[in-house]
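From first to last, the protein sequence lines stand for chains W and D.
312 is the number that UniProt numbering gives to position 312 of the first sequence; each next residue is one higher, with no gaps.
152 is the number that UniProt numbering gives to position 152 of the second sequence; each next residue is one higher, with no gaps.
If you're looking for bench data, these hints aren't it; they were derived computationally from the structure.
Do not rely on the hints blindly, as some may be mistaken.
Identical copies go unnamed one by one, so any copy, or any two together, can satisfy a pair.
[What the hints assert, rightly or not] With a straight-line Cα cutoff of 25 Å, these simulated BS3-like cross-link-like pairs (lysine-lysine) come out:
id, residue 1, residue 2
1, K370, K180
2, K365, K347
3, K141, K103
4, K352, K245
5, K529, K180
There are 2 protein chains.
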Amino acid sequence: MVEDKENTANAGQEPVSKKAAKKQAKAAKKAELKAGNAAAAAADEAAGDNAADHAAARYGLSEMIQSKDKRSEREFVLLPELNAQIGKGLFWVRGRVHTSRAKGKQCFLILRQQSSTVQCILAVGDIISKEMVKFAGNIPKESIIDIQAKAVAVPNKIESCTEQSLELFVEQIFVISQAKAQLPLQIEDASRPENADDAEGLNIRVNQDTRLDNRVLDLRTPANQAIFRLEAGVCRLFRDILSDKGFTEIHTPKIISAASEGGANVFTVSYFKDSAYLAQSPQLYKQMAIAADFDKVYTVGAVFRAEDSNTHRHLTEFVGLDLEMAFKYHYHEVLHTIGNTFTAIFKGLRDKYSREIEAVGQQYKVEPFKFLEPPLILNFADGVAMLREAGIETGDEEDLSTPNEKLLGRLVKAKYDTDFYILDKFPLAIRPFYTMPDPNNPMYSNSYDMFMRGEEILSGAQRIHVPEYLIERAKHHGIDTTKIAAYIESFRYGCPPHAGGGIGMERVVMLYLGLDNIRKTSMFPRDPKRLTP
Amino acid sequence: MVEDKENTANAGQEPVSKKAAKKQAKAAKKAELKAGNAAAAAADEAAGDNAADHAAARYGLSEMIQSKDKRSEREFVLLPELNAQIGKGLFWVRGRVHTSRAKGKQCFLILRQQSSTVQCILAVGDIISKEMVKFAGNIPKESIIDIQAKAVAVPNKIESCTEQSLELFVEQIFVISQAKAQLPLQIEDASRPENADDAEGLNIRVNQDTRLDNRVLDLRTPANQAIFRLEAGVCRLFRDILSDKGFTEIHTPKIISAASEGGANVFTVSYFKDSAYLAQSPQLYKQMAIAADFDKVYTVGAVFRAEDSNTHRHLTEFVGLDLEMAFKYHYHEVLHTIGNTFTAIFKGLRDKYSREIEAVGQQYKVEPFKFLEPPLILNFADGVAMLREAGIETGDEEDLSTPNEKLLGRLVKAKYDTDFYILDKFPLAIRPFYTMPDPNNPMYSNSYDMFMRGEEILSGAQRIHVPEYLIERAKHHGIDTTKIAAYIESFRYGCPPHAGGGIGMERVVMLYLGLDNIRKTSMFPRDPKRLTP
C-alpha cells in the first residue's frame with residue numbers, strides 16, 4: 001500500500017526501495033553531522049533510521065548538488081506562475097524557507113523566491129508521516145529546499161504571502177542548502193516597514209552596519225531585491241536612451257598615470273615599479289573620444305574619490321554614468337540632451353518599474369518622484385535670488401552649500417512642483433579650469449548642475465576645446481601646465497566644441513526613491529570606514 | 001552686385017557688412033597668430049584685409065565657439081544623407097579636412113565625418129575669390145570646418161570617397177577648430193591596408209606605439225571607428241541577451257580589502273591609512289549576489305591583473321563581461337546558457353555590424369568568424385586526445401600551453417569548421433580551490449574554458465556552494481582559510497548551486513575580427529609599460 005503511493009509520488013525522484021531510502025538517510029545524516037545541525041539530525045534519526053516511517057524517502061537532506069545527473073525531466077514552477085497549476089497535479093518548486101512552524105500534525109511553511117512568498121502545508125496522513133512534519137518544522141530559516149506539491153485554491157486571501165489565492169500541499173521536501181540555525185539578522189526584521197508600529201512595541205530594526213556586514217542576508221529583503229533591480233533599470237535606460245540618440249559606449253581606463261585635478265582626493269596605486277592613480281572621472285578620456293570623432297559617447301564604470309567624507313551621500317567608489325557630446329554652436333544642445341535623457345529615465349522607471357517602486361514603498365516612505373517635461377532650467381543667479389528671498393545670505397559667486405542646495409530644492413518644488421531641475425550658468429570662479437567661461441558675462445560659465453530632490457546628481461559643462469585658451473585658464477588657476485600637457489595636446493589636432501557631464505548612479509537611485517542613505521543603493525558600498533564585504 | 005550675392009549666401013550666417021567682415025578678419029588673424037599657423041595667416045592677410053576680395057565674408061577662421069548664440073536656424077546635413085540634398089540648394093556640413101589641394105583656380109578638398117568622406121570643390125568665380133581658394137587649400141589636415149555648399153551629382157563614381165555619386169560645391173568655408181600643421185601621424189598612413197602594395201614601394205606604416213601615443217588621431221581611422229563601435233555592440237548584445245534571459249545587472253566594488261586568490265598579480269592601493277587591492281575579478285561579489293537571491297546576474301566592468309606579461313593578449317586592466325547563475329541540478333544548465341549567449345552575440349554582430357566588420361576588413365585581413373549552433377562542446381580529455389593524435393606530448397592533468405591551445409583551435413577548426421568551441425571538464429588539479437570536482441571522476445572538475453580562434457576568452461566553473469567542502473578544498477590547496485573567512489561565510493545562510501564565468505571583452509573583439517593584438521581593441525590600453533594616454 002505504502003509502496004504504491006511512494007512509487008507514484010516519486011516518479012523521477014529519489015530511489016524508493018527501503019534499502020535506497022536507508023542509504024539516503026545515512027548519507028543525509030552524515031551531511032547533517034557535518035553541518036552540525038542538531039535539530040535536523042534529531043529529526044533524521046527519528047525518520048530515516050526508522051523503517052516504520054512510511055514517508056522516509058520523501059524528505060531529508062539532499063546530497064550536495066555536484067552535477068551528478070541532469071534530472072531534466074523535473075519541471076520547476078516559479079511562484080508568480082503558481083496560479084496556472086491549481087488543480088493540475090504535482091510539480092516542483094525550489095525556494096527558501098522563509099518561516100516554518102510545526103504544530104501537532106501539521107507544518108505551515110512559508111516558501112520564498114526572491115520577493116514572492118507562498119504558504120505550504122504538510123499534514124500527517126497517508127503520504128506524510130509525523131516525522132516528516134517534524135523534519136519540515138525544524139528546517140532552519142533561509143535554507144534552500146525543493147518541494148514537490150499540489151496547488152490548491154483557498155477561499156480567503158492569505159495576507160501573509162504575496163501569492164494570496166492558493167497554498168501548496170507538499171508531498172516531498174528536500175533540503176538543498178541548509179542555512180545556519182542562528183542568523184545574524186532576521187529577514188523579517190530587516191524588511192520591517194520603517195514607520196510601522198510594532199504590535200508588541202519592540203520596534204525591532206536592523207542597523208545599517210549589521211545589514212552591510214551581512215549583506216548576503218540583507219539583500220534578500222523585498223525592498224533590496226527591488227532597489228537593485230531598479231538600479232539595473234536606471235543603467236539600462238541610460239544606455240538605451242543614449243544609444244537611440246546615436247551615442248557610442250566607450251570604456252575608459254581606471255588606472256591613470258597622473259592625478260586629473262591637482263592630485264587631491266586621489267587614490268594611489270603601486271604599478272609595478274611605479275606609482276599610478278585611480279581615475280576620479282573618465283572626463284579626459286571622454287573628451288579624447290570626442291576629439292577622436294566618436295561625436296557622442298557614454299561610459300558606465302567605477303569612479304574613485306579618496307575623500308574622507310562620512311556623509312549620507314558620499315562613497316569612495318561609485319558607478320559613474322558619464323556622457324560627452326560634440327555640439328554645433330551652443331552647449332544647450334547638450335544640456336537639453338541630458339535633460340531629456342533624465343526625463344526619459346524617469347518615465348521609464350515610472351512605467352516599467354512600478355512593481356519595484358511599490359516594493360520599496362512597502363518598507364520605506366517613498367514619495368512619488370515629480371518631474372516636468374521638458375525639465376525646468378533655472379540660472380544660478382535665479383537660484384541665488386530665490387534663496388535670498390527666503391532670507392538666506394549668499395554671495396553671487398559663492399557655491400551652494402549643502403543646506404542651501406536642499407533649501408533651494410524645496411523652494412523649487414514649492415514653486416514649480418518638480419523634484420528634478422537644472423541649474424545653469426554657475427559662477428566661473430567655482431568651476432574647474434577647463435570650464436568654458438560665459439561669453440556674455442565673465443562672472444559666469446557655460447556649466448550646469450542637475451538636482452533630484454534638492455541634491456546634486458550631475459555636474460557638467462562646456463569644456464574648453466582650444467589648447468591656447470585652456471593653457472591660459474589653467475595658468476589662471478595656478479595649475480602647472482606641464483603636468484597636463486597630454487590633456488592639452490589632445491585638442492591640438494582639431495576638436496569640435498563639446499560638453500558633457502557625470503552622473504552618480506547610486507545617488508540617482510537613492511534620490512529617485514527618496515531614500516536617506518547612499519549605502520542603501522550601493523550593493524557593496526565603499527566608504528572611508530568600510531572595505532568589506 | 002557682390003553685396004547682393006553675399007546677402008544671399010549669408011542668410012543666417014556671419015555678418016555681411018564690410019565693417020563686420022573686417023572685424024571678423026581681425027579676430028581671425030589674432031586667432032591665427034595665436035595658433036601660430038603661418039600659412040593660414042598669410043592667406044588671411046591676402047583675404048580679410050583686402051577689401052577687393054569679394055568673397056572676404058565667406059571664409060576665414062571662425063571665432064572660438066563659446067556658445068554665444070544658438071544659430072538654431074542653421075541645418076546641418078550628415079554625409080550619408082547627402083544624396084537627398086542633390087539639386088536642393090544650399091546647406092551646411094561640419095567635418096574634418098581629410099585632404100585639401102589648391103591648384104590654380106580650384107581647390108579640391110575631401111571632407112571627412114567619422115568614416116564617411118565626400119569631395120568638395122571651390123572654383124574661382126562670382127562667389128569664390130582666388131584668395132578663398134588659397135585659404136581653403138591651406139587649411140591644415142584634420143581641422144574641423146563648416147562649409148555651406150550645394151550637392152551635385154557626378155557622372156562617374158568618385159573612387160577616393162565613400163560618398164561616390166556626388167560632390168559638394170562650396171560657397172562658404174570657416175575653420176571651427178584648426179589642427180596643427182604637423183601631425184605626428186597621417187590618417188592615410190594609419191588607415192593603409194596591411195597587405196596593400198604601395199605603388200611607390202614605400203610601404204609606409206604607423207607603428208603601434210606611435211599610434212597609441214597619439215591615440216586621438218589614430219582612433220580616427222575607419223578601421224578604429226568600426227572596431228570601437230563593434231566593441232560597443234558586443235557589450236550591448238551581451239547585456240541585452242542576458243537581460244532577456246532574466247539576468248539582473250549588478251555592480252561590484254573594484255577596491256577590495258583582501259586579495260582574492262592568494263595575493264599574486266594584484267595591484268595594491270593606499271586606502272586612507274590602510275592598504276587595499278584592486279579586484280582581479282568580480283567573482284566573489286557575483287557569488288554573493290547569487291547567495292542573496294538575485295538568481296542570475298551579470299556585470300560589465302574593469303578588471304585588474306598585475307601580471308608583468310608583455311604579450312599580444314594581456315592587459316593589466318581590461319573590461320570583464322562576467323556572469324553567474326544559480327542552477328537546479330547540473331552546471332550544464334549554465335554552460336549552455338553561456339554557449340547560447342555567445343552564439344547570439346556572434347549572430348548579432350554578423351547581422352547588425354556588417355558595415356563595421358567590412359570597414360575593419362578594408363585595413364586588416366578579417367576572415368569571417370565561423371560558429372556552430374548549438375556550439376561545439378568537447379571534453380578536455382578529447383582535446384588532449386586530438387593533440388596527441390597530432391603528435392603532441394601532453395599529460396592528462398597538464399594545462400594547455402598557449403601553443404597547444406592554438407594548435408587545438410586549428411585542429412577543431414579543421415575537423416568541425418568552427419572558430420568557437422567549449423572545452424569542458426578540466427583537470428581538477430589545474431583549477432582554483434573553489435571549483436567543484438567532477439562527482440564521477442575525481443581527476444576532473446565541473447569547469448570549462450571557451451575559445452575563439454584557438455584562444456581562451458572565458459574561464460568558468462561550477463563553484464563549491466557548501467562551506468564545509470569549500471574549507472576542505474581550500475586546505476587541500478594550502479590556502480589559509482582565515483583569510484577567506486568572509487568568502488566562506490557567504491555560503492552559510494543557504495546558497496543554491498551555481499556556476500558562471502568571466503569573459504575578456506577586448507579579447508572577444510580581437511578574436512572575432514581576427515586581429516593580432518589586444519591593444520587594437522582597447523581604446524586606451526594599459527600594459528606593464530603603458531599607462532598613457
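Results for each hint:
1. K370 with K180: Neither: 44 Å inside a copy, 49 Å across copies.
2. K365 with K347: Answer is within: at 20 Å inside a copy they meet the 25 Å cutoff, but 46 Å across does not.
3. K141 with K103: within (16 Å within a copy, 85 Å between copies)
4. K352 with K245: both (20 Å within a copy, 17 Å between copies)
5. K529 with K180: For K529 and K180, neither the intra-copy (28 Å) nor the inter-copy (49 Å) Cα distance is at most 25 Å.
The structure fails hints 1, 5 (numbered hints given earlier, in ascending order).
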